[in-house]
Every structure is written in structure tokens, then in C-alpha cells.
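Since chain A is already given, all that's left is putting chain B on it; use the hints.
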Amino acid sequence: MRVLIQLRPATDVVASVLDPRVASTVADVVSDLPGVSLDAAFGPVAVPRARPSAAHGGALSLSPRVEFSLSPEHASVLVRGEIPDAELSTRLSRLQSAVPEVTGIFADPFIQPSGPTCGGDGPVGDWHDVRRLLHASELWEEGHDGEGVAVAVCDTGINAAHVRSALGEDVEVDAGRSWAPPGVPKRPGAYPVNHGTMCAFDVLLAAPKATLLDIPILLSQQGSVQGLLSDAVAAYSHLRGVLNAMSEEHRALVVSNSWGLFSPLGDLPPGHPGNYSDNPSHPFNLIVGSLADAGADVVFAAGNCGRDCPDQRCGFRERPIVGANGHPDVLSVGGVDTRRERVGYSSQGPARLADRKPDLCSYTHFAGSGAVGEADTGTSAACPTAAGVVAAVRTRRTAVQLSPEQLRTQLNRTADDRSTVGYDYDYGWGIIDPPAVLAALGRARGERAA
Amino acid sequence: MVLLQVHLPPGATLSEALRSLGLSEEDVDLGYGLVAVLPEAGLYVLRVTEEAGRRADGQVFADPPIEPG
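The listed protein sequences correspond, in order, to chains A and B. Our numbering numbers the first residue of the first sequence as 1 and each following residue consecutively. Our numbering numbers the first residue of the second sequence as 1 and each following residue consecutively.
Simulated from the structure, these hints should not be mistaken for lab results. The structure presented is a predicted model; accordingly, all values stated were derived computationally and were not measured. Here a beta-carbon is modelled for each residue, glycine too, at the ideal position from N, C-alpha and C. Heads up, some of the hints might be wrong.
[Said to hold, decoys possible] Taking lysine to any residue pairs in the SDA-like style, the calculated list, with each CA pair at most 25 Å apart, reads: (1) K186(A) - R19(B); (2) K209(A) - H238(A); (3) K209(A) - E249(A); (4) K209(A) - E147(A); (5) K186(A) - G31(B); (6) K186(A) - M1(B); (7) K209(A) - H74(A); (8) K186(A) - L30(B); (9) K209(A) - G295(A); (10) K186(A) - L34(B); (11) K186(A) - Q222(A); (12) K186(A) - S24(B); (13) K209(A) - G148(A); (14) K186(A) - R164(A); (15) K209(A) - V400(A); (16) K186(A) - E67(B); (17) K209(A) - T398(A); (18) K186(A) - K209(A); (19) K186(A) - A161(A); (20) K209(A) - G370(A); (21) K186(A) - G33(B); (22) K186(A) - D29(B); (23) K209(A) - R187(A); (24) K209(A) - E141(A); (25) K186(A) - H238(A); (26) K209(A) - H128(A); (27) K186(A) - T13(B); (28) K209(A) - D39(A); (29) K209(A) - Q222(A).
[Claimed, not checked] Okay, the calculated bits of chain B under chain A, using three or more residues with CB under 8 Å as the criterion: (30) 1-7; (31) 26-37; (32) 43-52; (33) 60-69.
Extracted from the complex, chain A is given alone in its bound form (with noise of 0.2 Å):
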């Protein structure tokens, strides 16, 4: 257990820790508490001493005020360690009976920053801590490591040496069924390490045998333009052919999403029958909804554009997850720390396409990759775990055996619940989890045989 130790040293002891000009340090206060490690880096604080106040009354008063004193005949010391927990009881008792200078001995308990994790914090936790939360390994153990199963990376280009030798693990991209917009040089796995690497490290967290199609739809260059909504479309297109030309006994396509849009201006507004955020009409919607219908497991960010602390791109100011992000049948999925608290950025539902987006939350904001910075964060993150896990589920249920639309019921039915009881806008039906999805869909599985 850590503690903060008080003393009441020598007073010349005392006026040196009170010195602004003296870097007074743990050996200066005292050489050795038996039985305490005590903490050489955190430097003696002085305490003022309480005392009630003789001009408000005397110690009998019912409301004495109190003064403080910071001169050196009544200040104390403070100093930093920590007692082993099994010989904590014996310690404290002891410790101020064999050395005369300790007054107090008090716990020194672990604080965190009261708000939700934001956009500039630094990372909370990391990717190992992620495959611990995910159970990653006991999937692996149970043959659901992503193997024969295509997860498509539709972002920036996927950098695969980057993800190989920050994952430490071999990385397959399957360049024949990749694909690249119109203009954009086709280098699956070969790009520059941008925002696609993270997702394609990510992905690879809970599915480390998974195959990678590289589709960098946000390198597509119109004008000044980067990324359109068309190119998306087109990347649809070819998935479509890609699953159609898998045999139903190996029919297994991931689709993982961490793009969006963020604001209406490049939109035409809803009710125009040409508007995409509202309209479910609009040729990408169609397209989604064909995909996915077809056996393709789609999976959306839900989208940066949390009540707490939005992205400064946000320009949708109610109902922000907009278009595909909260289409029915994709998975949508927000963002939580390794802490498991949701990051204050991660959008709030309802969608404009559907009520009850997001669908559930998975992990994000954690030291992972290294291709966008100290942390892989936003809901971009957040999408290829989640992404990562629909594939290790699939290795060994095929889209034919379990469809899309199941699997998305399975893995929201045995979501962990967060905040209030049962759905909620925040943690959609809570953060998944891989072992219960498993396990229900083996009672089902069980229960079929039966």
C-alpha cells in the first residue's frame, strides 16, 4: 500500500524544507523507517499545523475557528513510500512507537482526472491491455484467431512492415482481392504509415490470422478534395464482387469503416432527395445495406463528435452520427478507455438512420500502433477492435451459418452493460465482449444440435 508519512523532525530540519532555496530531499527528513520503501523521487512537503484560533474563542467554543502555522517550531514533514500490504497492520502499529518523528501515517490512494478522456490526453493503457480486456488469448485458443477470414481496411492505405514490426507478428494482406480508387497508385500493405496502419494494427488485436484488404478510398484526390463519398460507393462495388466470389463453406467478410462525415456542408440538406446523412435512399445506404444483406459484416465509427469534448471538425450539431456511420444493419460502434469509462469524443446516439446506434463500444485511446501519434485514438480505433473481434468470431462461422444480422444481436445481446440499466445513447448496449458472445453463440449452437 502506498502512504504519506508525517513527521515532525528537528525545527532546523524543518526550516530547510520550508527554504524555497534549498532542494531538500527524503534523506535530509529521515535516514530509515523500518519496514518502508520509502519514495526518494518525491522531495519532503511541509504541513502547516491546525490550531483553533485564541481571537474566536477558546478550545471549548462549539465553533472554534482555526489558524495555521507554517513556522518551522510547528510545521510537519511530509514524506512518500509504501508498506508491503501483508505486513501493513503490523507496520502501522509499529512504526510510530519505534520512531519518535512519525505523527502520522495516512493512504495515499490512486486519483484520476475527474473528466471523460479527451482528444489531447495522452493514451490511456495499452494494446496489451487491449488483447487482456478482449480475452484475446483464450479466443485464440479456442480457434477464433481470425484465420481464412478477410477483414477490409477501407481508410488511408495500410502500411504492413509498420504494423509487423509494431505488432511483432506476421501480417497478411491479400493484394489480388484489394482494391484503390480511380488515380491512387494500387500498393496494398505498402502505403505511408497514416491512419489506415493504426486501423490495420488494431484490427489485428483480437484477429492476428486475419487477411487484410487493403482499400485506401481516403487517398482519393478530387480538386482539392480529399475522399469522397462516390469512392466509398466504388469500394463497395468491389467487396461485393470479393464476397460474391467466396464459396458459402469460406463466405467471411469484415468490413471496417473509421471514416465519416463530418459536416453538412458538402451534403445537400435533409429532406432533398438527394441528401445522404438522413436518407437511406442515397446509393452508398443502398450499397451498405446490399453488402451487408449479402453476408458481409459492416462496421462503423460511430464518429468523433462526443457532447464532452467534439472534434473541431464536428459541424452536425444534434444527432451527429450521420449516413452509414448509423446505418441498421452495421455494427456502429463507440469508444471506451482501457479504464472501460466511454472517452467523452465518442458520438452519442440517436443515429439519423436508426435509434439505437451506436451499437456498443470497444476500445480506444490506448498506446497501440505508433502511426498517428502516442495513442490510437477516436472511435477510429474504437471500430477495428470491435472489427477485430467480429473476425474472430467468424473464423469459425461462416455468414451462411451465422448471419450478420445474428451475429450484431449476439454481440449487442452479450455486451457488457454500462451506465443505465439496458440500452443507452452513451454505451450503446455496453463494451463487447468476445468470451460472452462465444459462449452464447455456443448454447445456440448446442442447443440446435439438441
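What follows is chain B alone, placed relative to chain A:
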């Protein structure tokens, strides 16, 4: 450019689409081509100039920029 959605016979090609819609090669993004949305239903899209979108027999949709996130 805008996204033009059109109905064409299943298996249609870009040149057939241009002929059927009364459009020229200058009106469309040839690199993008003719993209099948629901091929079994004969539903396709093209990227065309705004002027061609107004002229052609089809439904014009927004083609907004998309970003990582």
C-alpha cells in the same frame, strides 16, 4: 461533380450508359466509370458534372467529402 444514379439493364457498360443517357465523355468522370450499386436491380451510379446531372434522366445525389474519424 455529382453522383448520378440511373437504372440500366443488368451488365450495362459505360458506353451503353452514355448512349442511353444522352451524355458525352466530357460529361462524366471516365476514371470512376459506371459503378454497380444493385446490379441485380440494374441500379448504377456515375460521377457527372452538375450540368449533366440536371440534363440526364436519373437521380442526383450528394457526393460529400469523407474524412478519417
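Hint-by-hint comparison with the structure:
For the suggested pair K186(A) and R19(B), the alpha carbons sit about 31 Å apart, so the restraint of at most 25 Å is broken. Under the criterion of a C-alpha separation no larger than 25 Å, the hint pairing K209(A) with H238(A) is consistent with the structure, at around 23 Å. For the suggested pair K209(A) and E249(A), the alpha carbons sit about 18 Å apart, so the restraint of at most 25 Å is met. For the given pair, K209(A) sits about 5 Å from E147(A) by alpha-carbon distance, which is consistent with the 25 Å threshold.
The hinted pair formed by K186(A) and G31(B) meets the criterion: a straight-line CA distance of about 14 Å does not exceed 25 Å. For the hint pairing K186(A) with M1(B), the CA-to-CA distance comes to about 24 Å; that is within 25 Å, so the pair holds. With a C-alpha separation of about 66 Å, the suggested pair K209(A) and H74(A) falls outside the 25 Å cut-off, and the hint is violated. Simply put, K186(A) and L30(B) have alpha-carbon atoms about 18 Å apart, close enough for the 25 Å limit, and the pair holds.
A hinted pair counts as satisfied when its Cα atoms are at most 25 Å apart, and K209(A) with G295(A) qualifies at roughly 20 Å. Pair hint K186(A) plus L34(B) holds up; C-alpha atoms about 20 Å apart against a cutoff of 25 Å. A hinted pair counts as satisfied when its Cα atoms are at most 25 Å apart, and K186(A) with Q222(A) qualifies at roughly 17 Å. Restraint check for K186(A) and S24(B): the C-alpha separation of about 28 Å exceeds 25 Å, so the hint is violated.
Simply put, K209(A) and G148(A) have alpha-carbon atoms about 8 Å apart, close enough for the 25 Å limit, and the pair holds. Simply put, K186(A) and R164(A) have alpha-carbon atoms about 20 Å apart, close enough for the 25 Å limit, and the pair holds. Restraint check: the Cα-Cα separation between K209(A) and V400(A) comes to about 21 Å, which is no more than 25 Å; the hinted pair holds. For the proposed pair K186(A) and E67(B), the alpha carbon gap of about 20 Å is at most 25 Å, so the pair holds.
The suggested pairing of K209(A) with T398(A) holds, with an alpha-carbon distance near 16 Å, which does not exceed 25 Å. With a C-alpha separation of about 23 Å, the suggested pairing of K186(A) with K209(A) holds against the 25 Å cut-off. Using a Cα cut-off of 25 Å, the hinted pair K186(A) and A161(A) holds, with the two alpha carbons roughly 16 Å apart. Note on K209(A) and G370(A): the hinted pairing holds, with a Cα-Cα distance of about 21 Å set against a maximum of 25 Å.
For the hint linking K186(A) to G33(B), the alpha-carbon distance of about 17 Å falls within 25 Å, and the restraint holds. In summary, the hint linking K186(A) to D29(B) is supported, as the alpha carbons are separated by about 19 Å, within the 25 Å threshold. Using a Cα cut-off of 25 Å, the hinted pair K209(A) and R187(A) holds, with the two alpha carbons roughly 21 Å apart. Between K209(A) and E141(A) the CA atoms are separated by roughly 13 Å; this keeps the pair inside 25 Å, and the hint holds.
For the given pair, K186(A) sits about 14 Å from H238(A) by alpha-carbon distance, which is consistent with the 25 Å threshold. A distance of roughly 17 Å separates the Cα atoms of K209(A) and H128(A); the hinted pair therefore holds under the 25 Å criterion. Among the hinted pairs, K186(A) with T13(B) is consistent with the structure: their alpha-carbon atoms are about 23 Å apart, no more than 25 Å. Taking the CA atoms of K209(A) and D39(A), the gap is about 44 Å. The hint is violated against a cut of 25 Å.
Annotation: proposed proximity of K209(A) to Q222(A) is violated, straight-line Cα distance about 35 Å (limit 25 Å). Residue count for the stretch 1-7 of chain B with a Cβ under 8 Å from a Cβ of chain A: 4. That meets the three needed, and the coverage hint holds. Taking a C-beta to C-beta cut-off of 8 Å, the stretch 26-37 of chain B contributes 7 residues in contact with chain A, enough for the three needed, and the coverage statement holds. Counting residues of the stretch 43-52 of chain B whose beta carbon lies closer than 8 Å to any beta carbon of chain A gives 3, which reaches the threshold of three, so the coverage claim holds.
Counting residues of the stretch 60-69 of chain B whose beta carbon lies closer than 8 Å to any beta carbon of chain A gives 10, which meets the minimum of three for the stated coverage.
In the structure shown, a violation is registered for the earlier hints numbered 1, 7, 12, 28 and 29, in ascending order.
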